[in-house]
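Undergrad: Take a look at the letters that make up each chain.
Protein chains: 2
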Amino acid sequence: MRRPEKYTPVPVRETGVDIINIKGIEDIGYAQQDSILLNALVPEENTHCRQGLYFQDGQRRVDYVLTYHIKKQSSSRRHSSRLTDNAFTRSLRRGRVPPPKGDPEVGAQEHSLHYHEDDKRFCRDEFESSLMEMGLELEKDEHTKTPGVGFVKIHAPWHVLCREAEFMKLKMPTKKVYEVKQGSNLVEKINTFITKLTEPLHPNVEENRIQNVKHLSYPFSREKQHFLLANGVYMAAYPLHDLLYEEWASYSVFYKYQPVGLIRKYFGEKIGLYFAWLGVYTQMLIPASLVGVIVFLYGCATVDDDIPSMEICDKRNNITMCPLCDRACSYWKLITACGTARASHLFDNPATVFFSIFMALWAAMFMEHWKRRQMRLNYIWDLTGFEDEEPEKVKLTCKDRLPAYMTNLVMMLFMIGVTFAIVFGVIVYRISTTSALYMSSNPTTRSNVRLTVKTTAAIINLVVILILDEVYGAVARWLTILEVPKTDKSFEERLIFKTFILKFVNAFTPIIYIAFFRGRLVGRPGSYLYVFESYRMEECAHGGCLMELCIQLSITMLGKQLIQNNLFEIGIPKLKKLIRYIKSKRRAFQEEEQDKKLQRYETDHFLEPFAGLTPEYMEMIIQFGFVTLFVASFPLAPLFALLNNIIEIRLDAKKFVVELRRPIAARAKDIGIWYNILRGISKVAVIINAFVISFTSDFIPRLVYQYMYSPDGSMHGFVNHTLSYFNVSDFQEGKDPLEPTDLEYKVEICRYKDYREPPWSPTPYEISKEFWTVLAVKLAFVIVFQNVVMLMSDVVDWIIPDIPKDISVQIHKEKILMVELFMKEEQGKMQTLESKDSCNNHSPVPRPRSFPNSHTND
Amino acid sequence: MRRPEKYTPVPVRETGVDIINIKGIEDIGYAQQDSILLNALVPEENTHCRQGLYFQDGQRRVDYVLTYHIKKQSSSRRHSSRLTDNAFTRSLRRGRVPPPKGDPEVGAQEHSLHYHEDDKRFCRDEFESSLMEMGLELEKDEHTKTPGVGFVKIHAPWHVLCREAEFMKLKMPTKKVYEVKQGSNLVEKINTFITKLTEPLHPNVEENRIQNVKHLSYPFSREKQHFLLANGVYMAAYPLHDLLYEEWASYSVFYKYQPVGLIRKYFGEKIGLYFAWLGVYTQMLIPASLVGVIVFLYGCATVDDDIPSMEICDKRNNITMCPLCDRACSYWKLITACGTARASHLFDNPATVFFSIFMALWAAMFMEHWKRRQMRLNYIWDLTGFEDEEPEKVKLTCKDRLPAYMTNLVMMLFMIGVTFAIVFGVIVYRISTTSALYMSSNPTTRSNVRLTVKTTAAIINLVVILILDEVYGAVARWLTILEVPKTDKSFEERLIFKTFILKFVNAFTPIIYIAFFRGRLVGRPGSYLYVFESYRMEECAHGGCLMELCIQLSITMLGKQLIQNNLFEIGIPKLKKLIRYIKSKRRAFQEEEQDKKLQRYETDHFLEPFAGLTPEYMEMIIQFGFVTLFVASFPLAPLFALLNNIIEIRLDAKKFVVELRRPIAARAKDIGIWYNILRGISKVAVIINAFVISFTSDFIPRLVYQYMYSPDGSMHGFVNHTLSYFNVSDFQEGKDPLEPTDLEYKVEICRYKDYREPPWSPTPYEISKEFWTVLAVKLAFVIVFQNVVMLMSDVVDWIIPDIPKDISVQIHKEKILMVELFMKEEQGKMQTLESKDSCNNHSPVPRPRSFPNSHTND
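So the protein lines, in turn, are chains H and G.
Going by our numbering, the letters in the first sequence line up with residues 17 to 874, in that order.
Going by our numbering, the letters in the second sequence line up with residues 17 to 874, in that order.
Treat the hints as calculated values from the structure; they're not laboratory data.
All the pointers check out, no bait thrown in.
The list treats identical chains as interchangeable, and a pair is accepted whether it falls inside one copy or across any two copies.
Below, in silico cross-link-like pairs of lysine-lysine (DSSO-like), each with a Cα-Cα straight-line distance of 30 Å or less:
{"id": "1", "residue 1": "387", "residue 2": "505"}
{"id": "2", "residue 1": "821", "residue 2": "685"}
{"id": "3", "residue 1": "387", "residue 2": "699"}
{"id": "4", "residue 1": "829", "residue 2": "505"}
{"id": "5", "residue 1": "829", "residue 2": "212"}
Isolated chain H (complex conformation) (with noise of 0.2 Å):
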């Protein structure tokens, strides 16, 4: 045993612990001589920044760093320290080594608070002390070419990563290769057709050649190690680095297929299966887009035959319309609205009914997919088996926690009350500077209204939105870390919940309102609902809200992936570093020097630190949102969708590969309560989308039409039908427009979009049967897809199974081989056994001692 050097403490100059990197236990087993421990990964840099890998000797590689601040100048920035799951986080959290104090993660900041320069360098020394009892080994640099930084570096020897390796009982690879054998003769010419087929869409790496032939892999064990334990392969099994820059984190490879297995290595399996996910996520776009596509071109190619928009375009059809304003507007003809009859086809036709449910099974089908893959990637990434296990660290009564709960319900309630509040506040605007811009003497002013008001609307909303998306983060941020939530995974659970509520909350809030309120709550002519007693409320355009509800959906979705995802993930990290290096410049003293002589671990420290997948995620799962949820207006939501996740894959790659400091390799077996807030998505997803086809659609009300009131069966008549009459003497005072001489005929009966009753009949203006008859069927449409698409769902979800069949079938042969290594190493040590039975007293294979029975006879 080798026990570890000692060096002396450092002088009283440095504030606090800033844990840059590690090189996780996660590798063991993988690479042992491989150089890769920081961001070693841009090919160029590698050379002269191969030393800063290792100890001054030259032979202990750094596998992690510690940085803190020299007290020279006034330290005013401070990193917060990340541990996340590791070796050594975990001996702090089993209680083995005092942490610097409390949590690193929260303390580091409070520490630099409360307490004195000496106090600080105390509890570090007594901190790594601690980490040198358990094995590691440290070796400290003050005097680096970054000035006013210490770097401590540490060193995981192999006893320590086989310790731990054991306690989180990793699998390892076994001496034992077995082929995995493909199905039939057929099946496998099939196979190998396919492959050659989609060779150029592979990354290319070795890890995709060796696909027939597996490790068994066992639990660690130090006790079999020495007769499991593969070393041959290790060497092979590992590929270079630049592999990951060229083959993943370029745009140039788009087309092809991530390689998730290195990424993992180099990543760790939380990172991997976050590209994972995204690439099924990106690759299962790909046919949702297609039939998006072919039912918007249906829409195109039907256009012309659709009779309701050609009796809407008809000159014949003489028909007068009440105004849309008060006073200022006119009556106007039903014939001016022909463009936007004709242009809510291409989204309002029988098609989106069949493409919401084709959407809902996909969702689900995607869901099931993920399973199957994730199940996959555990298998081959040996997580079968792994249990994530995190000690609670906060022990806090109910009564202790109330006033948080409270704190944070009232939080949240009130952030939404606010995003309703912004979106009503968007629709005043619209509602008062359309009625302002009406009363404008300019005509150019008062034709232009329209398209004014909604372009500078729909900006508004979205500046609002990104607005509030930054200020929502800080806010959840906040808020959970008031409730103090008992583990890590606790808290980044709760964090996610709260941000994705309230940025769903808001990404969505506009789009409901035009989806299932806007041009419902008018009112009728005569009796129209007014807010703040003079605006009155908005009217869709002829045709449905459907169209406006299209445009919204389209400029949020676009709006948000190209300002969020371009501008803020890739500006934002450059200029960050740029600052940073800058910073750092000003303060030194040989610039020049240091510039090029940066050892690998000091230029680490000028990136940006990892902040986390959640920003990845959320915004992907916001995407699914719009994607999933109103797909039944927009089909070509996929599309976009598609189109934004090719970029931004490469994307994401190269900020990690380049832009970030190495993130700590964690272990994952799952997405987490992603997976859960996509489930929820997909199941809100389907009332939505049977409310939008039944409520902001014409599909019920022309097939009410088509079926109960049409004369001929056909859909001749239904504009007439759906409009209600009103005798224009019934405007109340003040009311009636100022010029009813817009037209060269004298308005008498002037028609609006409604189902009441005419002006003669016994009850004016009330609701009619045939509202009602709409309505019921409305309704029962909703109950009826619903359930089907929930049933079909359910049938999806449960005839594919959960675990892929050639996964399963190579378990259990895994385990019978396993069983059979185990029978004839046994048979081999019973022999040697019964050979040297006196040597061997100090772990005895048991006798069959406590079975008396089977000993005392024959």
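Chain H is already provided as a structure; the job is to place chain G on it using the hints.
TA: Relative to the frame of chain H, chain G by itself:
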């Protein structure tokens, strides 16, 4: 190592292999010296059977018995042998021992048909020698007092058990004992108080007393056995077996909890889980029946305040109703429906809406509660980490399977069609008998028409259900055998699924007819709907069909429970036992003598073999359906179920302990497919209850009347509002009543229950606006109810953690203790190793050879 005792093969006079019983591998680590092997439960039988529990040497226990027929007389009856999960069947599957021929379960039957006696003997010899090769020890006994039957007794020695335990990764308790601490002082006090309070409810067995000490457990490993195995504690941990008989299988302890731990130890986890589940279900029924009774009492208490039934019973409202059948029936006065209307109120009041919501949440709670209980049992029984693995026995391509699948589909549809046809037949019987009896000249017959027809129809229905239940069970089994499922588990699941579908449809079709179709397809006066052109469809009594639904539900539920459970479950096994015993007696020579000195394994031979848990679960699941599906119409269902189950538990217990051969102890982590079926039923229950409330009960029409049509916002005038007018001159020819002057006055206008236009409207007898309004509200209610309840269920599912908190804390604690134990052990070993290094070379503790870096420096 002992060598298995050899014996001379038996002569050529036997036919098949019949396995009676096993002492499962599960008992390892618990009781190595106890006397249970076969059905050793009933105390008085214990003494003279004791010697049958051991081999001739009186030392080795009989762990399993195989029986076969010795060819002396023509053996007509065959026992199929039953092999489920245990050490040696698993070996069979693993392919190490060639089974007698194919799958023993199915094989035994085919066997006798195709093989000559010689072949059978040869097969048996080969099989037995394979067993011996695996280390099992055998003893044959052909000269028992039961003639014609040969017994092979099998004993599994300790080392074989150890090997199998390691392969199965059984957990063993370690020496380490730790105290399970309760929370704070207050919590502890409360717990103590509750424990004291519920003291009499707990069975009088030892396991409940030592709750706060638990042994650490660890997957069985022969290498670690020496320092892990805690020998001293075993004797105390195993209680006596009479306890099971006295404290469980007795009606006198019906109010107590079940000794689930004991049941599991004796019968294995699978049966243990069944009884635990039954216990949880019964326990959960207590609050449900309580609330149900309260709801019923609320109905009773408010019956006099119900305005609609007051109006019906009011003589001043002289309402003349249209005749209920053609020709024979006359006009009738609404007041005659007074009794029914009042009775309807008992089940049709706003409280039932609340009760439906309550029961939907109850079902969600039940599922959650069971998940937690299962988790707790998994932990206590050390099943965490256990995975059931079965190989595929049959390899068939899709093409091979297609015919079987098609047959399955067609047969299932056919059987469901048969059910529908029978229900339709009963309806026709009811209609035709009613009209025939009305035609009768006997006045007493005519006055009892309703009662006679209803009673006979209900009995016919019940009998048909009972008969079809048996038929469907057989059909499902036949269809599943046709399918040739890949594994035993898959066989069981498919069988259960099919049986469930058929029995479910069988039980609920008549009820669904009454709830949703009866009285809805009657047409209207003057234009009735006819079956076979002469029989008018049935109408419900005034006050909705809810009352009839309620009657049908209680008859089916009570009838099924009384007849199926008690008669079939108790009576038939007793009968079968008697027959088997008599048959054997007739065959024997010295009856008297044999009767007294039968060995344990001989008496067990006369018991009914264990037929699996499927019938027990099925019965309970169908009952669960009655409790949840139509609970809106029958709030007393939970109470009936509770009363039945209290008896059912003890009845099943008695059956398992005394009436059946001891089942093979099978391991199981959960209740398998039953859980999914339960979930499915709870989901369907939500939508069905939504429909029952809106369409079967009068809840929505009342609501609509009160808030939309009532002149004063009260319910006054509701009855009048729901009745449409009919002009008697509009009757079709030959359909008008024969005796129109049954009442004292001439009827010109009669009333019927529907929302239609009056005769004097421009569109007489058309469906009115009120109809569509009510329909729309009904449908809206269904949507709101379904989604709100589903959301609430999901919330319940989400806020109740699947793993009880104390269990997760304990699991974490155990992990830490285990790590500490290993660390200590390792340190001790290290020291030993350093001193006696040379002596220990057949199994060297690995030096860190694969990590050269850590060795070359310092």
